[in-house]
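According to the working numbering, the residues represented by the sequence shown are 33 to 312, in order.
Since the hints were made in silico from the structure, they are not lab data. Don't take each hint at face value.
Stated by the list, open to error - Here are the simulated lysine-lysine pairs, PhoX-like style, with alpha carbons at most 25 Å apart:
| id | residue 1 | residue 2 |
| --- | --- | --- |
| 1 | LYS158 | LYS230 |
| 2 | LYS34 | LYS201 |
| 3 | LYS269 | LYS34 |
If you're wondering where the values come from, they're calculated on a predicted model, not measured in any experiment.
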Amino acid sequence: MKNPYGDVVLITGASSGIGKCTAERLAGSGMRVYGGSRRGGERRDFDGGGFIEPVVIDVCDDASVDRAVARVIEREGRIDILINCAGMGICGAVEECSSHEAMRQMDTNYIGVLRMLTAVLPHMRKRRSGLVINIGSVGGIFSIPFQTHYSSSKYAVEALTEGLRIEMKPWNVRAALVEPGDTKTSFTSSRIYAEKAKNSAYGEEFLRSVRQMERDEQNGMSPERVVDVIVSVMRSKNPPVRRTVGAQYKILVWLKRIFPSRALEAVLTMMYPKSNIDAK
Numbered sequence: 033m034k035n036p037y038g039d040v041v042l043i044t045g046a047s048s049g050i051g052k053c054t055a056e057r058l059a060g061s062g063m064r065v066y067g068g069s070r071r072g073g074e075r076r077d078f079d080g081g082g083f084i085e086p087v088v089i090d091v092c093d094d095a096s097v098d099r100a101v102a103r104v105i106e107r108e109g110r111i112d113i114l115i116n117c118a119g120m121g122i123c124g125a126v127e128e129c130s131s132h133e134a135m136r137q138m139d140t141n142y143i144g145v146l147r148m149l150t151a152v153l154p155h156m157r158k159r160r161s162g163l164v165i166n167i168g169s170v171g172g173i174f175s176i177p178f179q180t181h182y183s184s185s186k187y188a189v190e191a192l193t194e195g196l197r198i199e200m201k202p203w204n205v206r207a208a209l210v211e212p213g214d215t216k217t218s219f220t221s222s223r224i225y226a227e228k229a230k231n232s233a234y235g236e237e238f239l240r241s242v243r244q245m246e247r248d249e250q251n252g253m254s255p256e257r258v259v260d261v262i263v264s265v266m267r268s269k270n271p272p273v274r275r276t277v278g279a280q281y282k283i284l285v286w287l288k289r290i291f292p293s294r295a296l297e298a299v300l301t302m303m304y305p306k307s308n309i310d311a312k
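Can you build the whole structure from these sequences, using the hints too?
This is the structure in structure tokens:
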């Protein structure tokens with residue numbers, strides 16, 4: 033695959049879902065892929081000279097990130113493209129997520145991206161070349177009820193990427209967001225319930241909303257569609273700020289730009305089932 037940046041790619045969250053599919057697609061096209069995950073694994077070689085070399089990365093640990101980046105730099109002398117796919121989701125009402133649980137969510141989805149950037153960007157800046165792709169979410173544009181802390185973490189990645197683009201432009205380092213909607217991956221089965229949400233005061237409203245999320249995800253697009261957009265961004269010398277994946281989600285993003293906030297809130301309220309709670 034031809035792209036303006038080079039063929040050495042570091043991907044976080046490469047053991048499953050979007051990260052794994054991205055690693056396999058890029059390695060299959062001849063790229064030199066270093067796939068980061070907490071478990072590591074065995075090297076895989078592909079026709080055309082591409083490979084996936086596992087590297088152990090815990091994005092919640094500074095030392096782990098630094099070791100992994102140092103290893104790639106030692107092997108290749110550079111990192112041309114960084115793709116931040118690692119992430120997780122905690123569900124529960126806002127009041128039922130403890131500060132510790134909310135911090136865990138932010139530590140993985142936001143601070144984890146920041147750790148990768150602080151380790152990789154100095155090398156890109158020195159070479160005056162590079163591309164960062166952050167995997168955001170449509171949930172980073174619209175807050176999802178009972179998954180609000182996840183949305184908050186993705187909102188933060190949106191702001192981070194926008195600022196990063198401006199800061200790195202003089203160094204010829206580009207950054208972009210890819211925002212998938214509901215995607216069929218192991219994210220659904222890996223969702224973590226906040227401790228208080230296991231006996232939620234919101235009762236059926238909470239349970240029905242989470243079930244709706246799960247149905248939407250498991251009936252959602254394949255991760256390969258997200259990879260198509262990632263590849264498209266990689267081929268662009270001047271990538272857009274964001275690329276939303278999925279026609280229906282593009283419509284929602286467009287509506288947010290022109291509709292009053294209350295109207296959009298009403299749409300989102302209708303998307304998630306409600307129980308008849310007798311508020312007291």
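message = Run through the hints listed earlier and report the numbers of any the structure violates, in increasing order.
response = 1
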